[in-house]
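Student: Quick note, the sequences are listed as chains A and B, same order.
The opening residue of the first sequence carries number 1 in the UniProt record's numbering; numbering runs sequentially from there.
The opening residue of the second sequence carries number 1 in the UniProt record's numbering; numbering runs sequentially from there.
Just so you know, these hints were derived from the structure itself, not from any lab.
A quick note: this is a predicted structure, and the numbers were derived from the prediction, not measured.
Fair warning: there could be bad hints in the mix.
[Unchecked claim] Simulated coverage check for chain B against chain A, where a stretch passes if three residues somewhere in it have a Cβ under 8 Å from a Cβ of chain A:
(1) 70 to 80
(2) 88 to 97
(3) 106 to 116
(4) 147 to 155
(5) 316 to 324
[Said to hold, decoys possible] DSS-like, lysine-lysine: derived pairs with alpha carbons at most 27 Å apart:
(6) A:Lys102 <-> A:Lys234
(7) B:Lys294 <-> A:Lys82
(8) B:Lys363 <-> A:Lys217
(9) A:Lys278 <-> A:Lys352
(10) B:Lys215 <-> A:Lys352
(11) A:Lys217 <-> B:Lys294
(12) A:Lys217 <-> B:Lys362
[To be verified] For the chain B half of the interface with chain A, some residues (derived, Cβ under 10 Å), not all of them:
(13) Ser177
(14) Ser189
(15) Asn233
(16) Met236
(17) His268
(18) Gly269
(19) Phe272
(20) Phe345
Glycine included, each C-beta is placed from N, C-alpha and C at the ideal position.
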Amino acid sequence: MMHGSTGKKRRHKGTQWWSLAQTGEPSNDLYSPTAQAFIHSSPTLLPLTKKQRRLVTKNPGTIVAVAKGARMAVDECKYQFKDRRWNCPVQENGHGGSIFGKIIDKGCRETAFIYAVTSAAVAHSVARACADGSIFTCTCNYNLHQPQGVDWEWGGCSDNENFGRKFSRKFVDVAEKGRDFRFMMNLHNNEAGRRHVKRQMVRDCKCHGMSGSCTIKTCWMRLPNFRQVGTILKDHFDGASRVNPGNEGSADGEGDNNNGGRRNTKKPKLEPVDPNHKKPDKRDLVYFEESPNFCEPDDTIGFPGTSERECNSTSIGIDGCDLLCCGRGYKSEPYTVRERCSCTFHWCCEVKCKVCTRTKIRNTCL
Amino acid sequence: MLGLLALHMFFQRNLFYLVLCCTLCYLVLVFTNWRNRDYCGVSMACFIVAYLVACEYFIQSTVWHSIRGAQIILSMKVIGIAFDLTNGSIIEFPDVFAFFGYNFCVGTVIFGPWISFQEYKHILSQHRRPIKAMWVLKIFFSVSCSLLCVMCSTCFVHWLILDNNFKYIVAYRDAQSFRFSHYFISFLSETSVILCGLGASHTNEEVKWDLRVSKPLQIELPRSLVEVVTNWNIPMHNWLKNYVFKSARPLGNFAAVFLTYIASALLHGLNFQLAAVLLSLGVYTYVEYVFRNKLAVIFEACVKAKRCTDGCSHVYKHNHPYVIFTNVLFGCLAIFHLTYLGLMFDTSSQDEVGYSMEHTLKKWSALNFISHWVVLGTYLFNIMI
């Protein structure tokens, strides 16, 4: 991949907002007045591009939602990948790079997941914030109620998924300008993440009627739990399609892909590498590089490798010691824990426990 | 006829079950009337219970759950007529049109409230329709109240109390949301019945639009559970009092109260959740009533479950500080019990099909069945003093 340093810098600037995930960590509560004041009072500290900053000032309240979204994304990524070799390590800010490290310079599955999950998280959290009323420029979504025949129902206050998606599109995708194939891929994955949020919307209803019967219902559309979105994205991570940049095969080159498309002079198409596979649709994650094996420390992606990682000696899955330690073996050391045990219920109403000391075994990769 | 149309709007094809029930009821009524008028009431009650059981088992649960409300009203109406025939309040046997007209009266067919056959007859025989400014005002009041309540029920309550609060507070919220949903339905039914011109009280030429279906204030800030139960659905309360409680009175107080609640539970269908709540309520109110009566006698104070009348014989009247304190304390206890009982009508996935037994027990055991223990304690204390 031949990227000039300027290009790299620009791209990193666009994804700097990810580091907002760390702003709330000391208090762990972004709605507390101090955290909010911190974010609002120092806009220069904001790791945003000019466009993003304009968008945020135009929609007061969104910055809190974006920060919350960023944190959600990081937590989700860590949760979904906790058993894999690449466990979504997050670096302290200050490298000038992204908090996910240099893996985002790659074009592998992990990169695709990061882009999708962050964009989905912003859409999710902004949509929820709209319905909460903490963003001044949007409200609940009232358009979802269409009278369906005689089955007339009352429309309630739905999470404003529409606004969230549009905001996320403007806010997140701003980083990915240019004609580069990598940008195409990132845009595609961003959009895929958002689409999963939209697709998982569920209808919630409340019944009204004599003594709890259900004569009338009031309904509203609710966003899914973000864990659900994360799990689905992880499924798509496993089934992601590897793509070629169209028939031309010119993967890179800054803006030089005017050279060959028949109709697609603007955008290179995402064609699967294996022509027997189906084309990736809008909800599929795409990548164009195989992932490294993440066994050894790798400076090019800033990954420390799997040594010192804890593993499960009985599992034969990817979290098992064999696979996680890449066959280097592992060491087992006993350690003691103190925990509550042999709890009994005493009348009434108390539970009494003893404190036991137990020895457990911790396995770590060499 | 209009009533049938309204039913069709709400339930589409499912209105068939209601019409079927009504027709069968009429046949039962004609038959028993021909054989022996004295058994009208009892046989009708038995028939309705059988019909409800059949419905519970044979109709798809979502459908049944949605028409249940209307079915309760219908059952109350036909049983009411049957008992009135038995005890002679209605002398002339109602013809088909009157019977169907009454049961499918547009103002009461969907949300109730229950009105008596005599009231219905009265409105038909009126020459002048007393539509006045008060009528419009009352309708306006009811509509605004109902809208306010539905907003409270679905939005405000959940907005004010978030999910991560202490579990008793969350329970209070769920119960309150359910209660407001009930007020919404009550006000809506009030509106519909008044729009029909029913529900006025006539005192020497003067017409007062004072029908209340439920009184939210007395329920949210109750004096006692007895008061809550009375004000929850006033027409239904009257119905139960007239047709069940008074008939069962000879069996003794406790039995009569219990039978009333059983009848109420049966009317609501064979649903463990509702039966559990209603029977618990029955026990609670009984214990409360007895306990507070005893206290009132011992301390000669106005601390009974019902408000004292002006000329009561107690030494300490209702404005004495200790009496106020005691009543507030009992009020808080009632709020607590209400929270506990109403908590399972939350917005969970079972909302549309009715709640199951596990759901009820799970919810209650999450709070350690605390309210039942409290009542048991109260009862034991009551026996000791």
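Student: Next step is simple, just say for each hint if it's right about the structure.
Tutor: Comparing the hints with the structure gives:
1. Only when three residues or more bring their CB closer than 8 Å to a CB of chain A does the claim for the segment 70 to 80 of chain B stand; here the count is 3, and the claim holds.
2. Only when three residues or more bring their CB closer than 8 Å to a CB of chain A does the claim for the segment 88 to 97 of chain B stand; here the count is 0, and the claim is violated.
3. Look at the segment 106 to 116 of chain B against chain A: 3 of its residues bring a Cβ nearer than 8 Å to a Cβ of that chain, three or more, so the hint holds.
4. Beta-carbon proximity to chain A at under 8 Å applies to 4 residues in the segment 147 to 155 of chain B; the threshold of 3 is reached and the given coverage holds.
5. Given as covered by chain A, the segment 316 to 324 of chain B fails the check, having 0 residues with a CB less than 8 Å from a CB of that chain where 3 are the minimum.
6. Our distance criterion of 27 Å between C-alpha atoms is met by Lys102 (chain A) and Lys234 (chain A), whose separation comes to about 20 Å.
7. Among the hinted pairs, Lys294 (chain B) with Lys82 (chain A) is inconsistent with the structure: their alpha-carbon atoms are about 64 Å apart, more than 27 Å.
8. Note on Lys363 (chain B) and Lys217 (chain A): the hinted pairing holds, with a Cα-Cα distance of about 23 Å set against a maximum of 27 Å.
9. Only pairs whose Cα atoms come within 27 Å are accepted, and Lys278 (chain A) paired with Lys352 (chain A) is rejected, the gap being roughly 60 Å.
10. For the hint linking Lys215 (chain B) to Lys352 (chain A), the alpha-carbon distance of about 46 Å lies beyond 27 Å, and the restraint is violated.
11. Proximity of Lys217 (chain A) to Lys294 (chain B) is assessed by CA-CA distance (about 45 Å); at most 27 Å being required, the pair is judged violated.
12. Among the hinted pairs, Lys217 (chain A) with Lys362 (chain B) is consistent with the structure: their alpha-carbon atoms are about 25 Å apart, no more than 27 Å.
13. Given the 10 Å rule on beta carbons, the hint for Ser177 (chain B) holds: about 8 Å separates it from the nearest Cβ of chain A.
14. Contact between Ser189 (chain B) and chain A, as hinted, is supported at the beta carbon level, the nearest pair being about 8 Å apart and thus within 10 Å.
15. About 8 Å separates the beta-carbon of Asn233 (chain B) from the nearest beta-carbon of chain A, less than 10 Å, and the hint is met.
16. The criterion of a C-beta within 10 Å of any C-beta in chain A is met by Met236 (chain B), whose closest approach is roughly 9 Å, and the hint holds.
17. The closest approach between the C-beta of His268 (chain B) and any C-beta of chain A is roughly 5 Å, which is under the 10 Å cut-off, so the hint is satisfied.
18. Hint on Gly269 (chain B) holds. Least Cβ distance to chain A is approximately 8 Å, under the 10 Å limit.
19. Below 10 Å, beta-carbon pairs count as interface contacts, and Phe272 (chain B) has none with chain A, the closest being about 12 Å; its hint is therefore violated.
20. Because the beta carbon of Phe345 (chain B) sits about 5 Å from the nearest beta carbon in chain A, less than 10 Å, this interface hint is met.
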